[in-house]
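Given only the sequences and the hints, what does the whole structure look like? Please build it.
Below are the chains, spelled out letter by letter.
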Amino acid sequence: MLEIINLSKAYKANQVLKDTNITVNNGEMVALLGPSGSGKTTILRIVAGFIEANGGDVRIDGESILNYEAHKRNIGVVFQNYALFPHMTVQQNVEFGLKMHKVPAAERKVRVEEALKVVDMLDYAGRYPNQLSGGQQQRVAIARVVAIRAKLMLLDEPLSNLDAKLRRQVRVEIKELQRKLGITTVIVTHDQEEAMTLGDRIAILNEGRIQQIGTPMELYDRPVNQFVAGFLGTPSINFFDMTVAGGNWTIAGRPVDREWAPEEKRGLEDGTYALGVRPENLELAPEEEEGFTMPVEVSLVENLGAETLIYFFTGQRQNCCRMPQSLYLEVGSRINLRFTFSKCSVFDRNGLRV
Amino acid sequence: MKKLFCLLLTLALALSLAACGGSKERDAEDASGNAGGDGASPFQDETLVVGVWGGTIESVLRESVVTPMEEEFGCNIELVLGGTSERKAKMYAEVDNPSMDVLFLNIYESKQAVDDGVAQEVDSSLSNFGSLYDFAQTGGYGMSIMGLGIGYNHELVTEPITSWKDLWREELKGKVALSTMPGFENDAFIALTAQAWGLDLKTQEDEVFAKIAELGPFPLFYNDLDELFLEMKQGVVLAAAIFNSYSNDYIEQGFPVTFVYPNDPGAILAKDTIVIAKNTAHEALAKEFVNRCIGVEAQTAYAENIFFSPCNKDVTVADEVAKKLVYGDDVKTLVTLDWDYILEHEDAWTDQFNRMVEGN
Amino acid sequence: MKKSVNKANALLIPLTLVFVLLFIIPFFVLFYYSFLTRSSGQVVPSTPYTVSSYLRFFEDSYYPRVVGRTLWLSLLTAGICVVLGYPVAYYITKARGYWKTVLMVVVILPLVSGVITQTLGLYGMLTSYGPVNNFLMWAGILKEPVEFLGTTTGVVIGLTQGFLPYMILTVMNAIQAIPDNVLEAADNLGANGVQRFFLITLPLSKTGVAAGFVLVFGCCLNSYTTPLLLGRGKISVIGTAIYQQAMELYNWPFASAIAMILIALVLVVFALGNTLPGVGGRKKAVSG
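Chains as they are written, first to last, in our numbering: chain Z, 1 to 354; chain Y, 355 to 714; chain F, 715 to 1002.
Keep in mind that the hints are not guaranteed to be accurate.
Unchecked claim - 25 Å max Cα-Cα, derived SDA-like pairs, lysine to any residue:
1) 808/F x 54/Z
2) 587/Y x 850/F
3) 556/Y x 753/F
4) 175/Z x 895/F
5) 587/Y x 609/Y
6) 686/Y x 478/Y
7) 808/F x 887/F
8) 920/F x 92/Z
9) 527/Y x 587/Y
10) 857/F x 528/Y
11) 587/Y x 858/F
12) 814/F x 14/Z
13) 99/Z x 909/F
14) 920/F x 126/Z
15) 527/Y x 859/F
16) 99/Z x 896/F
17) 465/Y x 489/Y
18) 556/Y x 776/F
19) 265/Z x 214/Z
20) 641/Y x 398/Y
21) 102/Z x 907/F
What the hints assert, rightly or not - Which bits of chain Y does chain F cover? Going by a derived footprint, with three or more residues having C-beta under 8 Å, they are:
22) 534 to 547
23) 566 to 574
24) 693 to 705
Since the hints were made in silico from the structure, they are not lab data. Predicted model only: the values in this text are computed from it and were never measured. From the three backbone atoms N, C-alpha and C, an ideal C-beta is built for every residue, glycine too.
Shown next as structure tokens:
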């Protein structure tokens, strides 16, 4: 089990990480997700021992590791650019860690083979890294970690150097591999799709702070703040201006009859709010329908076959609606939208979930 | 094909010489100082290019010849500064279309250039020609006389040196410096060693070199007088064959060195010589320039300002100055070497010298 | 595709011209000259064609010895530069901020100050009465002054001093080219500092060392001023021999022949070096 406790890091006046707490359970894969500069890579580098923390602690199975030098931590890192040793063959790359750990030659041979078999690279043992594709290099990088039987595997943006198609394939492979090995893993990424598919849980970071930790669905359905809501999901969540005055709601300038508002949210105080509605929580509705609907003008249509994305404007803001079928709509035509209020999130003026 | 190669080499040579040949100083002075009045000067706006050494030589030449001529004739005289080997190489390379009209060379370079037809024969009709010593009338026009004698550290050498043979004294063993080969000093030293020890250079060359080798191990083969005098002061070197005119400066600066004109044979005659390039486009101006250089006025300026001994017999200087020159009766004691023979053998001697250096 | 290739070729033209003008043509001129005869009174040699210049080189052992001495001095200097330059280069690449700038300036400064100034400075340092000897005697290492000048030791010291910056800069370049991640990966896999240096940094900067070695070696082969001044005219090397023949005796054929023999030898040396295990073939697989 990996525990990151009150971890903080600053470069001179620049506080890049503030009081961060994350716990990763054995065998679990946690994704650190955030935009660049959010501090996610800093966490990984502190855990790996490449940089020192200013405060807090990192523990593995209850024991602090911060006092150990990087080479004594037995934590495997898979780097963004794989960082294979260019002057060594695949076999030598994988064997390197074992030699450093003084594993006897006979055992080394067995474990290198094992590791290469796991990543399906046994046939390439004699090749040099520059003779391998990006995906293959990555597998060797993972095999290096597998071979030393690291207690913890850290993946630093492992897919960002691959093309889109390969990325999807390797993503699946990594997930399967991690499950098979049962290795506790932390993966750093700025790609929300990657985080959602790979992470058992996701920790979202922004400006050096953890915003929310939870399973992908928890984060998707119940984001604690507007940042998390906006960061997860493609196309991203729609925000509509909402005001509450004397118990009466107005959404994007249209009044909502009191009885149509979702029951659990009827007690909102007077004020201005942002209503977060995911594209799939908007539906087409007949014009004369009872309840709250919103007439909009279609500005763009993307028909993806299995689904259709319909874009429209409220004020200056572009919104999106996702229909789970193939739809033919003219740009400029007028449609009526219904909100699935039960799945909407309401954020106060500070961006926090209400 | 061969022409192409010649052209390329000339180009390469010219480039490299221009690069290492020191700065080319253009005299920007206007010709407006022309004193000719109505009658136009015969050399109005002509440009004469003169190759000469830099430093004090340049400034005394400028003062005594260049500036007066430019003012008088409205011509330009451009001085290209540098050492003689580069100058000579350039003259040979550019024989058909010389970039320098007048060149200052050393005694054998000028003779060789005249013999090879690269430089003009002397013109005895110049008005100052008759005033030159006989030896200054052949192989170019003599500009100043130098005597190769011995400079030695008088603080560390116990007994004054008077003859060339004294260099072979026991106390000087391993303390005599020679210059790098080839060069005037060593060419002369080889010839005078033969004369001093009664050897025939033509038949006993090996014995001559063996004799020179007896001076070894040599502390230094100098190519720079600063280096030589520094080591003489420090006692690394005690004695060396050097020119009187060059040693004056250092002695004046306080180096503990005495210069002597040794006997048996005497000091060796050397001279700075002026030649006119064979195919110069400014022959008349060049001759006027040379005539002024060998005239009493310029020769006196050379003697009084930088202690270069005059080639013009009519020059008279004060005793104080005369002490530092090869002057008057001294001149007759100077030994003239057989430069034809020496130059013919310089190549072979260099080989032999190289081997002696290595075995040193 | 074809178009871009043509464009790329066009971009190479100036470089090719410079190369041809500065290297290829002079090489063939010298090659041609080496078979000509020196003619008295002319700088430019002429026919008849002859191999006498080459025969003269091998006439006795003097010139082969000059070449041998030059090769030996150059190899020794290049070797010493590796040993001295590598740690310095390594240290500088690891240095940070202001201190790194200071170190860089110290390394580059000698390159800007010119060979003659440096050599004269070194001359003063190395004389039998100079500061180096004084220090060694003061420190009790020497009882009597040692004569560095006029010896191969002095020349090697001078060449090393002159060309060490080239080695340092080349090696620095190579070390800096190693991605930080690769070094971190070594850490991560359990290598301590020493293991990381010998197993990763050193092998990966090997090409830089080789390049520096070749560079220094080449510079030494060509050196003239340093051997002349610090050798006090006693240490004859190829540079001084060629200068003597070409510039003082106008014997371009012989000077050219010496140069040709030198070039041939250097080619042989590098050909041999390339066949050594671990220097040639494998590098291709790593860097390509």
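Evaluated hints:
no. : hint          : verdict
1   : 808/F x 54/Z  : 23 Å, holds
2   : 587/Y x 850/F : 23 Å, holds
3   : 556/Y x 753/F : 23 Å, holds
4   : 175/Z x 895/F : 24 Å, holds
5   : 587/Y x 609/Y : 6 Å, holds
6   : 686/Y x 478/Y : 22 Å, holds
7   : 808/F x 887/F : 12 Å, holds
8   : 920/F x 92/Z  : 18 Å, holds
9   : 527/Y x 587/Y : 17 Å, holds
10  : 857/F x 528/Y : 21 Å, holds
11  : 587/Y x 858/F : 20 Å, holds
12  : 814/F x 14/Z  : 23 Å, holds
13  : 99/Z x 909/F  : 10 Å, holds
14  : 920/F x 126/Z : 21 Å, holds
15  : 527/Y x 859/F : 19 Å, holds
16  : 99/Z x 896/F  : 17 Å, holds
17  : 465/Y x 489/Y : 11 Å, holds
18  : 556/Y x 776/F : 24 Å, holds
19  : 265/Z x 214/Z : 23 Å, holds
20  : 641/Y x 398/Y : 15 Å, holds
21  : 102/Z x 907/F : 16 Å, holds
22  : 534 to 547    : holds (count 4)
23  : 566 to 574    : holds (count 3)
24  : 693 to 705    : holds (count 4)
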